[in-house]
Amino acid sequence: MQSSLKLISRIITIVLVFFSVNLHAQVLSSKQIDSVAEKTLKAFDVPGIAVAVVKDGKVIHAKGYGVRSLKTNQKVDENTLFGIASNTKAFTAAALGMLVDQKKITWDTKVTDIIPEFKLYDAYVTSEFTVSDLLSHRSGLGLGAGDLMIWPDSSTVSKKQIIHNLRYLKPVSSFRTKWDYDNLLYIVAGEVIERVAGVKFEDFIESKIIQPLVMTRTALSFNRLRDKTNIIDAHAPINGKITAIPKDFTENSNAAGGMNSSVADLSKWAITQLNGGKYGEKLDKILFSNAAQRQMWTLHSIIPAGKGSYNRHFFGYGLGWFLSDEKGYMVAEHTGGLAGMVSEVTLIPDLKLGIIVLTNQQAGGAFTAITQTIKDGYFGLTGKDRVKDALDNEKAEKDYGKKVTDKIWADITAAQKNVTVKPDVKNYLGNYSDEWFGGVTISELNGKMHFEAKNSPKLKGDMIYYKGNTFIVKWYDRSMDADAFVNFSLDTEGKPTSIKMEAISPLTDFSFDFQDLDLKKVQ
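For the sequence shown, position 265 matches number 1644 in the numbering used here, and the numbering has no gaps at all.
What the hints contain is simulated information worked out from the structure, not anything from laboratory work.
Lysine-lysine pairs mimicking DSSO-like chemistry, simulated, CA-CA at most 27 angstroms apart:
{"#": "1", "residue 1": "LYS1767", "residue 2": "LYS1454"}
{"#": "2", "residue 1": "LYS1777", "residue 2": "LYS1626"}
{"#": "3", "residue 1": "LYS1647", "residue 2": "LYS1657"}
{"#": "4", "residue 1": "LYS1767", "residue 2": "LYS1442"}
{"#": "5", "residue 1": "LYS1418", "residue 2": "LYS1706"}
{"#": "6", "residue 1": "LYS1833", "residue 2": "LYS1874"}
{"#": "7", "residue 1": "LYS1837", "residue 2": "LYS1539"}
{"#": "8", "residue 1": "LYS1879", "residue 2": "LYS1796"}
Computed from a predicted model, the values in this text were never measured in an experiment.
Work the whole structure out from these sequences, hints included.
Right, here's the structure in full:
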């Protein structure tokens, strides 16, 4: 009996050891990550990618792949700087957490107590709006509402004007009932930090977070970078060919998405997050408290969750982070997207695991493929080709978008052939204005109807007649993929009184919030 028990015990031990070794063997080695990254570069036509993995407080992989720019063909490495876009939001949230730790504010402090001129469309919402509301995308405003003040560019709208113009944006849902991603309220959050701390937002982040963590190459905007010798160019498809395009985010938006960093520097940030705000060789220094992190990693807004590959049961937004469960583990993550560059930071606290992927092309499937492949190893999942899955998903989206836009352009061609009397374009010319966006001029230029926005120089292009009182504006900048319907409302005498707009393609970035415009004819 005793010998039988010993034999059974040995068998169980062998099985457990085998299972442990087998599970561990599924974790990707650096060479395997190299292979996935190189495969991803080719599959998604991305010029350059940087990847870092942190585990148990150490950087176990940090490397660059491909080139920084198709113009120079210089190699990406772990110190190459990328615009990390909305991954900046976690820094803004952490900065507010630090001010909460210092008892200078609370998460429930009313925004109007700090910024008296802060005003939203609804008076009740204005009076009840708190610091945590600024960070949790539950204001009642629509997806990307007002982003055209900062996107794709803005040369004249100031931060003061952005905050003032929030009062003109009409809500699409009740306060704190629905999640809709918002950038402008993070700009307000940056202003809260400035007024409470008494220093510029950028100086606060750089002196209180970046410098203590020795993120030596990181800055809160492209213009604040001290060394620009190792930085990417943004890239986007133009007429089917990947091309370097200009960087286009404004200084006003630094609190929402202005940071430039590298995987080497962001690894230090990820390790600090995974250590609950502690840093230093002996973890004897504290950036923010456990209480602050619990608030940042607590659901404030609920987003419908699909189970997907990782058996997800919940999904939502905390303060500066998306939160979910995957294979029984809590995951904090965020993505970032600017024209020509997208990125993702993923943290799995129970595994002390962090994954960072930065790219210089706007194909989101690239960071998804790499991140999921690495996660699979730690979750013990096999038999998944994440590159193929992400590529198939992206192709399906693009095919759908192309089908929609091809039909529109076919309709335009047919309408132009069949129309017997085209409207006199001179009837539509003139100046139009929206309360928050500013002025738009419809004019004749080189024999064509021309659209030009005063505050957003990139939003200019030729207009083509479609049908009825609807035209299409085709932007000169073909990297934007944001051509739009321009529909004129007429008075009883047939004269234009206002304009409504809507993006043609379902794949147009949500920050082109044309649907929120109400352009009135200026008499």
